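Protein chains in written order, with UniProt numbering: chain Y, 1 to 420; chain Z, 1 to 420.
Please note that the accuracy of each hint is not assured.
[Unchecked claim] Calculated Cβ distances over 10 angstroms to all of chain Y for the following chain Z residues:
#, residue
1, LEU58
2, ARG114
3, LEU180
4, GLY246
[As the list claims (entries may be wrong)] Here are some of the chain Y residues that sit facing chain Z, going by a computed Cβ distance under 8 angstroms:
#, residue
5, GLN29
6, SER30
7, GLY68
8, ASN109
9, GLU112
10, LYS176
11, PRO195
12, SER253
13, SER256
14, GLY261
15, TYR264
16, ARG266
17, TYR268
18, CYS286
19, LEU332
20, THR333
[Claimed, not checked] Calculated lysine to any residue pairs in the SDA-like style (CA-CA distance at most 20 angstroms, straight line):
#, chain 1, residue 1, chain 2, residue 2
21, Z, LYS45, Z, HIS20
22, Z, LYS201, Y, PRO196
23, Z, LYS51, Y, PRO196
24, Y, LYS201, Z, LYS45
25, Y, LYS45, Z, ALA167
26, Z, LYS47, Y, ALA167
27, Y, LYS45, Z, PRO97
28, Z, LYS45, Y, THR173
29, Y, LYS221, Y, ALA245
30, Y, LYS417, Z, LYS51
31, Z, LYS45, Y, GLU170
32, Z, LYS70, Z, GLU19
33, Z, LYS70, Y, SER419
34, Y, LYS47, Z, PRO196
35, Y, LYS326, Z, PRO67
36, Y, LYS47, Z, GLU170
37, Z, LYS326, Y, GLY68
38, Z, LYS45, Y, MET133
39, Y, LYS47, Z, ASP169
40, Y, LYS70, Z, ASN314
Rather than coming from a laboratory, the hints here were simulated on the basis of the structure.
Just so you know, these numbers come straight off a predicted model, no measurement behind them.
Backbone N, C-alpha and C define an ideal beta-carbon position, used for all residues, glycine too.
2 protein chains.
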Amino acid sequence: MRQDQILATYLIETPDSLEHAAQVLAGEQSTGTFVQVPGETDEIKEKYGAKILAIKELESVSSPSLPGAKLPHGENRPPVFRRGEITVAFPYHNIGPSIPNLLATVAGNLFELREFSGLRLMDLELPESFMEMYLGPQFGIQGTRQLAGVHQRPIIGTIIKPNIGLAPDELGTVVKELALAGVDFIKDDEINGNPPYAPLKERIHAVMQEIERAADRTGKKAMYAFNITGDIDELRRNHDMVQQAGGTCVMVSINSIGLAGVAYLRKYSQLPIHGHRNQWGAMTRCPALGMEFTAYQKLCRMAGVDHLHTNGLNNKFFESNESVVKSINDCLTPLFGGLQVMPVLSSGQWAGQAVETYRQIQSTDVIHIAGGGIMAHPDGVSAGVKSMIQGWEAALTNVSLEEYARTHVELKGAMEKFSK
Amino acid sequence: MRQDQILATYLIETPDSLEHAAQVLAGEQSTGTFVQVPGETDEIKEKYGAKILAIKELESVSSPSLPGAKLPHGENRPPVFRRGEITVAFPYHNIGPSIPNLLATVAGNLFELREFSGLRLMDLELPESFMEMYLGPQFGIQGTRQLAGVHQRPIIGTIIKPNIGLAPDELGTVVKELALAGVDFIKDDEINGNPPYAPLKERIHAVMQEIERAADRTGKKAMYAFNITGDIDELRRNHDMVQQAGGTCVMVSINSIGLAGVAYLRKYSQLPIHGHRNQWGAMTRCPALGMEFTAYQKLCRMAGVDHLHTNGLNNKFFESNESVVKSINDCLTPLFGGLQVMPVLSSGQWAGQAVETYRQIQSTDVIHIAGGGIMAHPDGVSAGVKSMIQGWEAALTNVSLEEYARTHVELKGAMEKFSK
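In isolation and in its complexed conformation, chain Y is listed as follows (with noise of 0.2 angstroms):
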């Protein structure tokens, strides 16, 4: 693609016509205002103005998908509201290499406008020069592996739960529990972040000295990935609590502290960052607005996660399994030739998912997380585990759940369990 220009594809849904309507959006989001102002030569036009470079229509409907559209001037039959894809090219020179600028072109003031019933912001294609300014994930898959010590297989983790509550000394007993049973990773839930019952610094203290010494008894180093998530100073001190304890992860809320944050503690980590998307419901889930997965993760790997939450397969939230499989295939396609994410496979997760999620996307590499699926499995714990790998070693040696059940009890307990 041309390296002057940043293509933004959207899907919209006007009562004017799709061509007016990209028009207003390529205008309002480069030289225009709602009324010709002086200054606005054909010449700034021409070389600052955001061009319309496709339209496709799609289907119409006969009532409004968001509130507040302008029906057009002196139609007086029923409105009909049109649906297409467009792409817009805005100039690079408009914006730079800066997210944060980015944003307020290609995702700003444009979900407001009245010509508009409908907006989302479906994908972006960048010029590489953003990459000046941007890291990039820093361990992306072959890194965590390495620092996880999980290869061939995707690395089985799950979140301490309860989500909220539990005193040091309590996570302490939790954690080693965990660790001892052999699992990859553990994480903090995302609700629990520097919480007066039980600072971070006290938390990591108590984790790290189970996750040390079961290390020493099993040869292994579950990786933890703290919930750090704060403001812009308390992030590089929180990271360097983690690392100074010999962690090897750390958690953000990416929309808690924005991509400029998470650009901001990429600069300077020393840690695999474990990014997770909470708030993003609000920003996906009404289907005429917001933002699509598809450009989210492109940002984000941009600024600096190595590894993404996409949800999984049945999971507990309103997203489509069709959806969740796009999401993990867009963070396992190349951005930039690399920019390696690990996809998070999480939400209402135990051993049962792994078949049809490898059948799906044909990877190992992701970070499949159990939450209640480890911690609640009858057997305890160390069964939870043992019954999310041999989910997946049913996955990669093409046999079903039921036949790999008969002679692998820790997955049949989970399938007694959670399988309804």
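Following the hints, complete the assembly by docking chain Z onto the known chain Y.
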């Protein structure tokens, strides 16, 4: 209110009972997960669990506002989607005085839940101890008025147009004209940050030269809000460039740098922070999803913006006048007994909105911004500025626009051009 809890009010829509949906939300965002885990004891639930304080039933609808809701088991009658407003109390000790971690709890992984076909955060009540961590607005209404030298009427502002494309010397020419015309306030467009064709540094130089020169002639120094939006490291650098050049205001795209970015800048800033809320439409336009401005503006004020965009009446966006007035009033309502923020009325504004705006808000503590409404005035920029002031004179003396225009030619010119 109690200082040991955080109250969040949501508008919900669910195919379940309101009680059940509320319980799922409270559980998911505190101690629970999709299955009972051994460690979730009654003691932990009692101490760390979120509690439902109120459920107010609203209307029911027959089709879901958002996709992906799960119908209750065993029901085979046509589904009903119940709407209600619920208030949930989260223990403060789960979170601490941290906006990023607050967001993960009150606005995190809950918009996705299948128990809901609609979920919107309407309001937040927070303990004052948050303000031990955040600084709030540094200048607010009084400090901004003092710096701008404007009292007893709104600060009249404009936006550089065309939004983008002016070379530094061309920008200087526009600013000169505006400053000599006596405008109080000028802002960059939000899509104009630090573009390669006209870097911020050069723009600051070109602008401040003209502002100072005009001030020497007129005795009045226009406040210019430079768009310093960028990555975290750039915020300080850009702020310093503005300050060293004698600038009196910096502007940021709040949602581009994140609330954490705003709080970071605020700790350091010596200038009023002009908060632009672009991207906000994506968070708020779907009535059944995202966040209401009432909640959002509290977070922005705590983080430290001095000015906050609210749209103006009869704007070019989807937002109704009723919603605009509510937003302005939200901003003018003290928070923790203070945290003054100046609402910024913009979008499709010209002199014509002054009378109705004043009638509805009964305050002059706003920045009223007209881009095209000043720059496209038929008799030029100076007449544009005068027309805005005349509009507010009419409002404050309780005279209709039409009557005031009879003796005020600039207002008359504006009305002929812009009223439709």
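Now the hints, each set against the structure:
1. Once the 10 angstroms rule is applied to beta carbons, LEU58 of chain Z is consistent with being away from chain Y; the minimum gap is 17 angstroms.
2. Against chain Y, the non-interface label of ARG114 of chain Z is violated: not every CB pair exceeds 10 angstroms, the least being about 5 angstroms.
3. With a minimum CB-CB distance of about 16 angstroms to chain Y, LEU180 of chain Z clears the 10 angstroms threshold, and the non-interface call stands.
4. Interface exclusion of GLY246 of chain Z from chain Y stands, the closest Cβ pair being 24 angstroms apart, more than 10 angstroms.
5. Taking 8 angstroms as the C-beta cut-off, the interface hint given for GLN29 of chain Y holds, the closest approach to chain Z being about 6 angstroms.
6. Taken as an interface hint, SER30 of chain Y checks out: its beta carbon lies about 6 angstroms from the nearest beta carbon of chain Z, inside 8 angstroms.
7. Evaluation of the GLY68 of chain Y hint against chain Z yields a held restraint, the C-beta minimum of about 3 angstroms falling below 8 angstroms.
8. For ASN109 of chain Y, the shortest C-beta to C-beta distance to chain Z is roughly 4 angstroms, which falls under 8 angstroms, so the interface hint holds.
9. With a least beta-carbon distance of about 4 angstroms to chain Z, the hint placing GLU112 of chain Y at the interface is held under the 8 angstroms criterion.
10. Given hint, LYS176 of chain Y at the interface with chain Z, is violated; its Cβ is 13 angstroms from that chain's nearest Cβ, farther than 8 angstroms.
11. For PRO195 of chain Y, the interface hint holds, since its Cβ comes within 8 angstroms of a Cβ in chain Z; the closest pair sits about 5 angstroms apart.
12. Because the beta carbon of SER253 of chain Y sits about 5 angstroms from the nearest beta carbon in chain Z, less than 8 angstroms, this interface hint is met.
13. Here the hint on SER256 of chain Y is kept, as its CB sits about 4 angstroms from the closest CB of chain Z, short of 8 angstroms.
14. The restraint placing GLY261 of chain Y at the interface with chain Z holds, with a minimum CB-CB distance near 5 angstroms, inside the 8 angstroms limit.
15. At its closest, the beta carbon of TYR264 of chain Y sits 4 angstroms from a beta carbon of chain Z; the interface hint therefore holds under the 8 angstroms criterion.
16. A least Cβ separation of about 10 angstroms between ARG266 of chain Y and chain Z goes past the 8 angstroms threshold, and the interface hint is therefore violated.
17. With a cut of 8 angstroms, the hint placing TYR268 of chain Y at the interface with chain Z is violated, because the nearest CB-to-CB distance is about 10 angstroms.
18. Interface hint status for CYS286 of chain Y: upheld, as the beta-carbon distance to the closest one in chain Z is roughly 4 angstroms, under 8 angstroms.
19. Interface hint status for LEU332 of chain Y: violated, as the beta-carbon distance to the closest one in chain Z is roughly 22 angstroms, over 8 angstroms.
20. Interface restraint check for THR333 of chain Y: the shortest CB-CB distance to chain Z comes to about 23 angstroms, outside 8 angstroms, so the restraint is violated.
21. For the hint pairing LYS45 of chain Z with HIS20 of chain Z, the CA-to-CA distance comes to about 17 angstroms; that is within 20 angstroms, so the pair holds.
22. This hinted pair does not check out: LYS201 of chain Z and PRO196 of chain Y have alpha carbons roughly 43 angstroms apart, beyond 20 angstroms.
23. Distance restraint check for LYS51 of chain Z and PRO196 of chain Y: the Cα-Cα separation of roughly 19 angstroms lies within the 20 angstroms cut-off, and the hinted pair is therefore satisfied.
24. Distance check on the hinted pair: LYS201 of chain Y and LYS45 of chain Z sit about 24 angstroms apart at the alpha-carbon level, beyond 20 angstroms; violated.
25. Our distance criterion of 20 angstroms between C-alpha atoms is met by LYS45 of chain Y and ALA167 of chain Z, whose separation comes to about 13 angstroms.
26. As the CA atoms of LYS47 of chain Z and ALA167 of chain Y are separated by approximately 12 angstroms, the hinted pair is consistent with the 20 angstroms bound.
27. Restraint check: the Cα-Cα separation between LYS45 of chain Y and PRO97 of chain Z comes to about 47 angstroms, which exceeds 20 angstroms; the hinted pair is violated.
28. About 19 angstroms separates the Cα atoms of LYS45 of chain Z and THR173 of chain Y, which keeps this hinted pair within 20 angstroms; it holds.
29. Using a Cα cut-off of 20 angstroms, the hinted pair LYS221 of chain Y and ALA245 of chain Y holds, with the two alpha carbons roughly 13 angstroms apart.
30. About 29 angstroms separates the Cα atoms of LYS417 of chain Y and LYS51 of chain Z, which puts this hinted pair outside 20 angstroms; it is violated.
31. About 15 angstroms separates the Cα atoms of LYS45 of chain Z and GLU170 of chain Y, which keeps this hinted pair within 20 angstroms; it holds.
32. Our distance criterion of 20 angstroms between C-alpha atoms is met by LYS70 of chain Z and GLU19 of chain Z, whose separation comes to about 16 angstroms.
33. In summary, the hint linking LYS70 of chain Z to SER419 of chain Y is supported, as the alpha carbons are separated by about 17 angstroms, within the 20 angstroms threshold.
34. The hinted pair formed by LYS47 of chain Y and PRO196 of chain Z meets the criterion: a straight-line CA distance of about 13 angstroms does not exceed 20 angstroms.
35. Distance restraint check for LYS326 of chain Y and PRO67 of chain Z: the Cα-Cα separation of roughly 18 angstroms lies within the 20 angstroms cut-off, and the hinted pair is therefore satisfied.
36. At roughly 15 angstroms between alpha-carbon atoms, LYS47 of chain Y and GLU170 of chain Z fall within 20 angstroms of each other, so this suggested pair holds.
37. For the given pair, LYS326 of chain Z sits about 17 angstroms from GLY68 of chain Y by alpha-carbon distance, which is consistent with the 20 angstroms threshold.
38. Between the alpha carbons of LYS45 of chain Z and MET133 of chain Y the distance comes to roughly 46 angstroms, so the proposed pair goes past 20 angstroms and is violated.
39. Our distance criterion of 20 angstroms between C-alpha atoms is met by LYS47 of chain Y and ASP169 of chain Z, whose separation comes to about 17 angstroms.
40. At roughly 12 angstroms between alpha-carbon atoms, LYS70 of chain Y and ASN314 of chain Z fall within 20 angstroms of each other, so this suggested pair holds.
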